[in-house]
Structure formats: structure tokens, C-alpha cells
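Chemist: In order, the protein sequences belong to chains A and B.
Sequential numbering of the first sequence, starting at 1, is according to my numbering.
Sequential numbering of the second sequence, starting at 1001, is according to my numbering.
Treat the hints with care, since some could be wrong.
Restricting the straight-line Cα-Cα distance to at most 25 Å, the calculated cross-link-like pairs of lysine-lysine (PhoX-like) are [what the hints assert, rightly or not]:
hint, chain 1, residue 1, chain 2, residue 2
1, B, Lys1263, B, Lys1223
2, A, Lys89, A, Lys177
3, A, Lys123, A, Lys152
4, A, Lys177, A, Lys123
5, A, Lys152, B, Lys1519
6, A, Lys152, B, Lys1362
From chain A, some residues computed to sit far from chain B (all C-beta separations above 10 Å) [as the list claims (entries may be wrong)]:
hint, residue
7, Thr46
8, Gln155
9, Ala168
Rather than coming from a laboratory, the hints here were simulated on the basis of the structure.
Just so it is clear, CB atoms sit at the ideal spot from N, CA and C, and this is done for glycine as well.
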Amino acid sequence: MTDIQDITRFTGMLRILRCLTAAYLLCLGMPASADEARVSEYRVKTAFLYNFSRFVTWPAVAMHERTEFSLCVIGSDPFGEQLDKLTGKAVHSRTLVVNRLSSIAMLDSCHLLYISEDAELVKVLSVVSDQPVLTVSDVENFTEQGGIIQFKLVQNKVRFRINASAAATAGLNISSKLLSLALDVSGRQ
Amino acid sequence: MVNSQYVNELPDCDPPPPPHHGRIFRTGLALVAGLCTAFSVHATSLDSELPDDLTDMSLEALMDIEVTSVSKKPEKQSEAAAAVFVITNDDLRRWGVTNIPEALRRVPGIDVARIDANKWAITSRGFNSRFANKLLVLIDGRSAYTPLFAGVYWDSQDVVLEDVDRIEVIRGPGGTLWGANAVNGVINIITRSAAETQGTLVSLTAGNEVKGIGTVRHGGQLKNGMDYRVYAKFNSYDSGYNADGAHDDWRSGQLGFRSDWVKTERDTVTFQGDYYRGVAGQQVNIPTGPAGPPPTTVIPTVSDTNTDGGNLLFRWSHILENNSNFALQLYYDHVGLDGAVLFEDRDTFDIEFQHHFNWREKHDIVWGLDYRHTRDNTENNPTFSLDPSARSVNLYSTFIQDEYSLSEDLRLTAGIKLEHNDFSGFEYQPNVRLAWAVDPSQTLWGSISRAVRTPSRGEHDVQLRLVPPADNDPGIPVYAEGNSDYDSEDLIAYELGWRFNHKNAWSLDVAGFFNDYDKLRTLDGSFNPGPPASVGFPFDNNMTGNTYGVEFAGQWQVRNGWRLNASYSWLNMDLQLENGSTDSTSQGAEDASPVNKAAIWSAHNFGNNLQFDAALRYVGDIEVSGVSVDSYVEADLRLGWEARPGLELSIIGQNLLNSHHAEFLPDFIDTQPTEVERSIYGRVNWAF
């Protein structure tokens, strides 16, 4: 191959690289998006909620004299009837019940609390953050705001992030298995 | 795209597998040009295919389910109305394979035959050859077949197997979505996103035949949330067996990166690239001398083929309102190959756009545009030359496909692809598919499609000097010759399939097809008085034919931690010359693929950290260019031990039953074939 051909090819590649780079940069300014109704996704997430309850240990004070394991949803419920199918399952030798809450009054009776995107997050977290309540949400940056487990879709697969120090504050012990599967774990000692 | 039907998925043989049945043809789109990951939003797991109670599944299995992230309508019925087999990341590990051809051996309907240590003949549903030309191979949406002969240089198609999410093998025509060359099948190799390959992986493999494979990969995240990975890989393989000595040992190295940036919930941007170099040994018989009394002088030449190449790919996918999305993909690909006969120096640039949306509730529509420019340069030699020695070729195409819900259980898919290429001009490839979800556990589907295999650069422009058979040597040079009038081969395919899944304990996938081909390639000889005198065999389209067959894939979850799989294919080919053709070789394709091919394999877990895998494979006898190759049975074994989290040690045996066995023979270029030898190797995978 001649030098000329080499140079032509090289400049051609440079041009393509430049186009690709430009297109790449273009995408940086894209707007954030709203949420939409989800179906299958929440079916899978329901199973995650159940698994979370099994891989987290609550302090004795939260389980003492309780015959039920309370799974709560505050705000609009994205799970629908899927969630009700969990009712009656055994979690830590207790019977799982689902409570959909309309106010923050009953929060501290929950073992696991799913905080919907339209709930008043800051207020809810301020009530439960020092209680033995496992908080879970889809809200972006949930763990940064003091929540314990945040769902995050990665390539359409359900993943989650964990804030270990928030769990410690709540008195919850998260199994190493769950920690090892998390996308990231913040505040680990 | 993503739509997969994971007949096989079962990470770690944990409890019930999540069979992801996908909607290939709805989101097929997706696949379409292989914007695979781009459209993965639609690659849904169907609710109906998952166990009723997902809480029975392990967290790891749950994490493998693809979900509909933006969908206003509930996902129901509809499954892929096509014959799909998916090889998962877990399969690749447990099968103990070291490269892509080995991974394809157990797939029903796919012939994999090694010619020498660095050359393979791989095809779907017949017509096998080193230069097999009716199969489309995509790696992360980038086409991997060379337009020189419409086949694949398999030794140059390397990926870090640990980073492969899955290999989707779709038998049957995919022309409407993927375009020309997806005549008998599509192999879609999809690597994991950078977000899923975080951390460092070091993998070392060494043994008698696999002399050494070393991989280092590191994945991380930038402050702006962009995930990335970089990797380097080196392969060294020993030569195969030939009683006269073999010279086909080979080495290759590859570097690459991938970044994925989920900019917003709606926007994902992927940028990736690879660069490779390789040196592959071979002995090739080169006919020489102008004329003389037979036999033609043939010089056995031992020489290395040097390869180098690279690619850059950019993809932006965006989710719009109303359950619609689009993806834009651009890639650049360079292929360099310099051997004793073949020479190729090629640059390809491709840009494609796809849009997927719902219309009036019941219509799921995907359409797209594609432009590909490829130019090559050849250094002609007396054996192999192209005229002109450099050529640019443009390919324009557009497609549209609609998936229409006739009822809750019935989905009709219809689509067409229109394309224009510089060799055969305008082409159209329509298909119609119907999927019926009989009940939540079974689906029946059928399809009729037309697909074309457009002329390759070689069929148009080549002059390739052949080694004449000893019993029919004219004593003057014999050439396969390009023909500017050579037209596309075309196919009308009728397919029927049934998929059954019983409570995830066992599943069965059956697909049958009848293919009606027209204008298949022939070589009709004619004497050219010269001077110098020669015999030319220009490519022509004087053969028709039917092929038909049935393929099975089954899975049985015997119990927790033990899974059995089996696959079987039966193929019959009947080819006819027409227009007075006297071609004496092309009909031989009837015998170059085995009538029967079967595999059975077991994946067994002992406790939490010990895995035992075993496989038996049978491939029926074949005949290539009049020389027969015996059937063979081979066995593979693997013992894997997770010594501690992240550290896996395994010992693998491949092709254990015979010290060596033959699989295939060369055609067109008379390279020395070598046999596949018993291979034993150890592997250490350390992720931290």
C-alpha cells in the first residue's frame, strides 16, 4: 500500500472519529424524562421486595411481639395486584401483610416501606430514618437522600443500590449476599 | 434485538429458569439492524412465560430478566414467531468454550465444522463451506461478514466471552429486518453493557491445544455516571492434526473498550471499539505454471496469513412519548487480511436509523433506514485477483414492519425491506408471520418470507485459480471467474414452529422449514483458447433447490441444581441444475451438511461452589467436493470450582473421545485441512 493510501485512510478515519465525537457530545444535552406506567417491570420488582425482606435482618425490637411482617407502600402504588400476591408469605417466621398508606401516620409500623415517586420523600424519610424500617424507592438519588435501597434499571434489567450507613442508622443488618449484588454500596464502614 | 427466547437460560442452575420469550418481530426491530441494545427496552420478558410466582426465583435470576421499562399496555401473548436459540453468558462459561465457533456447536440447525485450527465452515440450514454465504453475523449491531465472499473470517471475530451477554441464533430468513445475507439465519452476538461489567477480571486459559488465552478487563464509572470498560486479550492455539504435519497454529491479540452512558431515563449512548491483529498459519497448494501436460504443477506453500482490523461504533437510543423509541447507530470497520492467496483491505462505514412506535393501540410498527459504504483494495497475485483491484460499493435500504394484534392471543406480523446495491440493483424482502399463544404455556407460529443473498464482490470481480481435481486435470490453468451479470440467489421460506414450556420444569422448541431456492450459484466451465489457453468457470445462477428440515431444542430441569438440555436437527437438501448447466460441483452442497446432528448436555451443581458439566455431540457424515468425512461423536467435560467469591478454577476437556477427528475440507482455496484433536485445558477466572 502506498503512503498516499495510508494518509487518505487515516484522514478518513479522523473524519469519522470527529463525527462520532460530535454526535456523542450532542447527546449530553438531552432533557430528563418523566416516568410512565410500568407493568412487567413492577412484577419483577415485587419479587425483589420479597427478596429484600429475606436478606435483611430487623432488630429484635422491630420483630418482638409482632406476628405480621408489614410491607407498606406510600404514595400511588405502581405494583398493583402483584403485591397482594405476597400476602400470607412467611418472612422471618412472620406472615407478610401489605399495607397501602395514605398518610405518614402509620409509617413506623412498617418493616419494609416502598416510597412512591409522588410521595413526599423528604418528609417520609425524616419520619422513618431512625426507625427499623427498610426504605425502598425508584426515586433517582434515593440513597443519596438517606434512603436505603434504590431500584435502578440497567439495560432494562432491575438492579439496585444500597446505602449501608442509612441501613445501620435504622438498625438493619443487610446480608453480604445482597450487598454483593448491589450496583453500588455507599457508606460502608 | 433483544428479543430473546432463552430456552436455555438458567444462571447457575438455580431454581426455575426465567425463559425470556421475546417478541422478536415486534421489537424485532430492535434487532433489526442489530441495534440490539438500542431497542432493548422492548425486549421484554413475557409475563406469561415466567413462573406465576417470581418470588421462587433467586435474586440472580431475577436480575437477568429484562423488563418493559416504558410500556403503557400490558405485555401479553406474542412471542417470537421465529426459530430462536439463545446462548447465555452462563452457557458460555459452563460449556467451556474458548471462541465463538465452539459456542455454536450445540445449536440446532447450525453446522459448525473446523477446516483447520484457524478456519471454520459455519452455516445455518445447509450450504456449508469455508465461504458459506447465507448467514449474517452481527457483533453488537456491527456486521461481521465480508462482502468479498459474503462469509466470515471466524478467526478474526473475537470477543471477551466473559463479557458476552448472549448469542442469539435465529434460523431462517431475517431479511426483512436485517437485510441481504440473512438468508438462512442470523447470529447476533451481544455483549454486556459497561454497567454490567464493572470491576477487574483476569482470565487465563492454558492447555495442550489451547496454548494460552489471557484476558484482562477493567470496568469503572466516570464522575458523570458514564460506565466504561477496557480490555486486552491474547490467544494462542496449537495446530491441528495432519499425518503429513500441520502448520495451522495461530495467535491473535485484541484491545477494546465500551462505554455506556444512561444520560437520562430516556437516553442511552454507547460508544465502543476494538482493534485486533493476528497471525494464522496454513499450508496452501498454489497451482502454478501456464500450461503443460497434466498434472498441473502445485506448490505446497507454508505461510502465515496476517490479519488486522478494528472498528468504532456509536449508538444513541432515545425513548419517546407513547411507547415509542428510536435509535441511531454509526460504525466504522476496517478489515485487513494478507495471505498467500487471499488479500483484503476494506473500510466500511454504516449509518442506520430505526423508529419504533405504536399506532392505534393494536399496531406495533418499526421502520428504519440504512446506508452502508464499503470500499476495498486488493493486491492481486497470479492465484487471486479482483478486477478492478479497488472498488467502492454502496448499499441503501429501508424497511417497515407492523405487528398487529388480531386478538388477545393472535399476532400477525408483516414487513418488507427494500434495498439497492451496486451489483444486483433493487431487491425486496417481505415476510408474514403469525403467532398464536394457544395457552400460557405454548405458542404456535408460522411464517412465509422471501430473502435474497446478494452477489459478493468476489462473485462479481474475482479471478481465482483453482487446483483441478487429479482425475480431471486439463493441463491448462483453471479459474473461477467473477461475472458482472451474476444475480442474487433468492429464497422463499415456509416455517412452522411450536414452543412449549411446562412450569419451567421442561421446555421444548420445535421448528420445521421448507426452503424453496432459486438462482443458486453454479460454475459452468468454458474453454478459452487464449493465448494463453485456460478454462474459465464463471459464476452463474443455474441451480434451484429445496431444503427441508426439523430442529428440536429441549430443556429439562431435573431438580434444583441439575439441568439437562438436548438439541437435534434433521436436514434434507435437493438441488437441481437448470438451463442446461453442466456444473459438476455445486450440487455437492447437498452432501456438505450432515443430515443428522444432535447434542445432549448436562449442567450439574454440587453444593454452592462445585459445577460439573458434560456433553455428547454427534455430527453425521458429509461429503465435501466428493471427499467423504466420517460422522463423529465427541464428548466435552468441565469441572468448575468457585474457590472463593470471584475466583473460579476450572478444568475442561473438549473432543475427548477421539485423539483426533476430521470435520470438513477446504473448497475454492486448497488449504491443507487438519483434524480436531483432543483438548484439555485449565482456566482461572478472577474477578475483583
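Chemist: Look at each hint and say if it fits the structure.
Modeler: A quick look at each hint next to the structure:
1. B:Lys1263 / B:Lys1223: Holds, because 12 Å separates the two Cα atoms, which is no more than 25 Å.
2. A:Lys89 / A:Lys177: Holds: Lys89 of chain A and Lys177 of chain A sit about 21 Å apart, inside 25 Å.
3. A:Lys123 / A:Lys152: 22 Å, holds
4. A:Lys177 / A:Lys123: 31 Å, violated
5. A:Lys152 / B:Lys1519: Between Lys152 of chain A and Lys1519 of chain B the Cα gap is close to 52 Å, so the pair fails against 25 Å, i.e. violated.
6. A:Lys152 / B:Lys1362: Since the Cα atoms of Lys152 of chain A and Lys1362 of chain B sit roughly 30 Å apart, the hinted pair is violated (cutoff 25 Å).
7. Thr46: 7 Å, violated
8. Gln155: Violated: least Cβ distance 5 Å, not greater than 10 Å.
9. Ala168: 22 Å, holds
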